[in-house]
Amino acid sequence: MSAITTPALNVVKKKTTQVTGKKVFALREQRSAQFKKKARVKPNLPAVGERKALRKRIVLSSTNALPVSSMQDLSQDNIGNEEFQSKMLGIPDEMLDQLRAVDAFKTSQNWSLFRRPGTLTRKETVVLGNMVKDVNGTPGVQRMILDGPKLSGKSILLLQAMSMGFLNDWVVINIPEGQDLTIAHSSYHPLSSQADGPQLYTQPDLTAALLTRISRSNKKVLSKLNLKHEHPEFPEPLQKNISLDRLAERGASNPSIAPTVFDALWKELTVPTAEDSKLPPLLVSIDSLNHLMTETAYRDADYKPIHAHQFGLVRHFLSLLFNKPEATFGPAGGIVLGATSGSNVPGNYALDVALRQLSARTATPLISADSPEFPLPDPYHRVDKRVVDIFNTGNDSSLQLRLVSGLSKAEAKGYLEYFAQSGLLREKITDDLVTEKWSLSASGLVGFVEQAAVRVRTELHAARGSIFRCPFQLKKNGLIKGGVYHLLHDFESYESIKELDAVNRLPVHVPATEVPMWHAICLRLLALTALLSGPLGVEGAESVPRAISTTAYYQSKWCDKGYTFIEPRGVMVSKPGPAIMDSNGELIWIEDKYGQAMDFKMQSYNGSNYLTFWAGKDSGTYGSGKYYMLDSSYEVYKIVEPAGGGNLTGDLHEFHITKNDTALMTIYEPAIVDLTSIGGPKKGWIYDSLFQEVNLTSGELIFQWRASDHYSMNETYKHLKTAGRDKKDALDFFHINSIDKDDHGNYIISSRYMQTITCIRPTGEIKWILGGKRNMFKDLSDGAATNFTWQHHVRVHENNTLTIFDNGKFAKGYFIADKSRALLVSLDLEQMTVTLLQDYIDPKQTPTPSQGSVQLLDNGNVLVGWGYHAAYTEYTRDGEILCDVHIGPQIMFDLGWLKSYRTFRNHDWVGKPNTKPDVYYRPRDGRLYVSWNGATEVDRWVLEGARGPHAESYAFFTQETIYKQGFESSIEVTSDMMPWIRVTALDRKGNILGHSEVVVPHPEKRLHRYADDGDGGRNEERRARAVVYFESRIKLSEALYIFYNISEIRENILSRITISIMSNSYIIQMLDRQLKFM
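If you read the sequence shown in full-length UniProt numbering, its first letter stands for residue 1, the second for the next number, and so on.
These are calculated hints, taken from the structure and not from any lab test.
These figures come from a predicted structure and were not determined experimentally.
No residue lacks a Cβ here, since even glycine has one placed at the ideal position from N, Cα and C.
It is possible that some hints are incorrect.
For each label pair, taking beta carbons as the anchor points, the in silico distance ranges come out as [stated by the list, open to error]:
no.	residue 1	residue 2	range
1	48	184	12 to 22 Å
2	231	184	24 to 34 Å
3	108	44	39 to 49 Å
4	710	660	42 to 52 Å
5	679	659	37 to 47 Å
6	647	681	18 to 28 Å
7	326	400	20 to 30 Å
8	349	241	47 to 57 Å
9	51	379	39 to 49 Å
10	799	220	55 to 65 Å
Kindly generate the complete structure, drawing on both the sequences and the hints.
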């Protein structure tokens, strides 16, 4: 590689000199010759129809939106029910495929914003629902034209009517876009000449497409109907009793016979036979009527435009709508709906006149054609007579005209509440807000109401997460190196922290008075850990600082992938508390508000999972505190204390929830006993060891056991020395540190100072003792199964096997073994023998003086926590080391500066915190750092931006998406991003889990784009005016800014919106000033 790059660098240097002409060409040739030219790869062209398919692609759900559980489904019970007006009704899942097949959805509609398709029940919806009920009750044909301005929701009303038809098992036929029949994009040919009328044409391809929609969307109904009539017009005989869906499919697959098949299908659906007159009602929907009332892009033989009414397909459906003599409907009746379009349509004066005349004929009171108030066409304006005639010559007594205007304020409120419940609108829905949005949307036009609501468009494109940096640039300066995992600690705000750096491998130049104490400790501990514990690696943490790092000295792919539960504490931990890490050592959750915690793990109670731990005061011998149960949101579900009240407090050693949803807990209580047998006073003081089983629901005591009632003082291995003279220096002769319960109801307890494991019957008597001075078992392993000392954490498993953490050491002068270990032993309760099945030796080959745990994992491995030594190790069942993780530097293990009482592993914990994700923007890096304490389901982070000064009122749009890689992620913030940004957390399915607070990375740089007068916003006076504008919080000007481009405000807003507020001169003055400013 050096042979290639070196000449290239020399050439670059020469090019900086003044070289011209042939020399320049020679230099370029020399440089290009060093690199192999790549062959040009021609891009693959999209498949035929692929682009069109993408343009027409309908997305009916957004997993980024929140589910609205209160939304009911559209059903026969709520169709036409006024009680549901102004409410959102969900489209049933089984109907979605039918609506897709019939092309009821449009790409311009907002289905992709919400978790599931829902539609607003308007007053027009109630009218349509009542029409359906009327036809079901009294068969007949009802006809209606929906007319109204652009974005008034006419197409949605057609969709609602089609949904009602599908719910009632009608046959639904839809012309989704009248323009498709007139733009000359499909084949056509003339029909046989007619002497008394214009030449008619057929469109076989479009007819085949219509048959496809009919067969796919109505398969449930058509598959139950069979062919009953004779159809001699077919070129070949049809199979008898063929189902109508098969008939439609036949025409859909062969456009040459599609028109003939359509005529036959219509005959079968509308003409009953003597044997069977049970035909379903029909619902015919025609959208964009405007295109069917004008000349088309098709040409006749003389190259003259063909009118839409000359096409057989158009003629058929218009005859149904206007009740022409040739229109036929079945005995069950039906509904024919047509809707005009206000967008992308040609001007049609004749249609406007015809609609006004229809409105006059259907008005109350009726306006006759002879009345001077009856609308007539302008004699000087060209009118398409064919359009006016089709309105006037038909039997239009049943044709209704429904003018669709804006939503009422109640309907707008219901619609905005749906946006808010879906997580798309960041404002509280009040009457003032509804009035504001309603006014800004031209008195409730539904399309403008959608624009008034906040839209979230999340593009879930894969982006590789960046490598995280150490918070104080320690990694950059060479202090931290190696591939290791970390544990963060502390969650105070980072924004007030001064910029810190590392110089000469140590963080300096930061006066202690300017930095919080926890931050100074963090710096020093990072440096100390890096210098003393070998190859440590710390990656990431800008939104939160850290105080602890973990080192994986061994790591196998066979290690368990669950969460690790620890409770770090000691002088190296500024604020101790429970913590959860993933299998890579990345922090998941940590909390310091409870103080130091013990026995932290996940347990199940009443079918749900909870985090449980003890918190309180640690005397060094026992604990005095309470047991906490946290739910999945990390909120306190229950605080448990010993039963009986009085002076009994919860001890730190054990809080174990049994299979029966009861709790086992250890208790220490001072008591006066005779200590003369061990050289103490007659009335000496001891810490008596108790345990209780308590009903977690009621708090009632189920069972209590006291060690002093069953063990004598001379059985202890604890030296009396000066203890026992007074209450403050009582003798801890037993030291209970674990409790378990077997399937027979027996209690298994561990006594550290008796060096025994005791089985206690439900009646309180001792059943057996393993180890200690009263050992009842014969050791078949040459003493290896019973020579445990100062042990912790005994658990009973199936087939009478026990796991024991054997410390082998207590303190100075109490050395028994040269290393700590975990034991797996088997008991034979009939022969009273014990056998060592496997021991798990500490890889450090040193004894840990206190604490420790053993857990049999679901995958068959064994997890051992080393307690006083800040480490844990995972083994195979046969004792092979798979993973060895150090939470702190090994050189400090014997100092106890960092320790964890027990270590547990679990797969089932799911954390969903009530807090928001934490974000911090670091100007020096130009990156936004994000983390979410306790959120286990986060898969990726989406950086979203808004353009407005008050982000909660504005739409957020995706700027960048990265996958989560560790506790904290960072995203580069570029200058072209929107000024107000936040981060959204998504799970693996794309569901939104939460949003961070809004951050403004560069307020002084962001303002100039709104105060730019051609000099990049450098004009200070104009910049000051921008600041005043943003801080004014005038709701009207904010709303105007949201929905309209700056360049369009004057002509668009003043003409459409401010009419409703013209009476308020003050607002107009303010508006005018803002417009001039902008």
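Evaluation of the provided hints:
| no. | hint | in the structure |
| --- | --- | --- |
| 1 | 48 x 184: 12 to 22 Å | holds, 19 Å |
| 2 | 231 x 184: 24 to 34 Å | holds, 30 Å |
| 3 | 108 x 44: 39 to 49 Å | violated, 30 Å |
| 4 | 710 x 660: 42 to 52 Å | violated, 24 Å |
| 5 | 679 x 659: 37 to 47 Å | holds, 44 Å |
| 6 | 647 x 681: 18 to 28 Å | holds, 22 Å |
| 7 | 326 x 400: 20 to 30 Å | holds, 21 Å |
| 8 | 349 x 241: 47 to 57 Å | holds, 51 Å |
| 9 | 51 x 379: 39 to 49 Å | holds, 47 Å |
| 10 | 799 x 220: 55 to 65 Å | holds, 58 Å |
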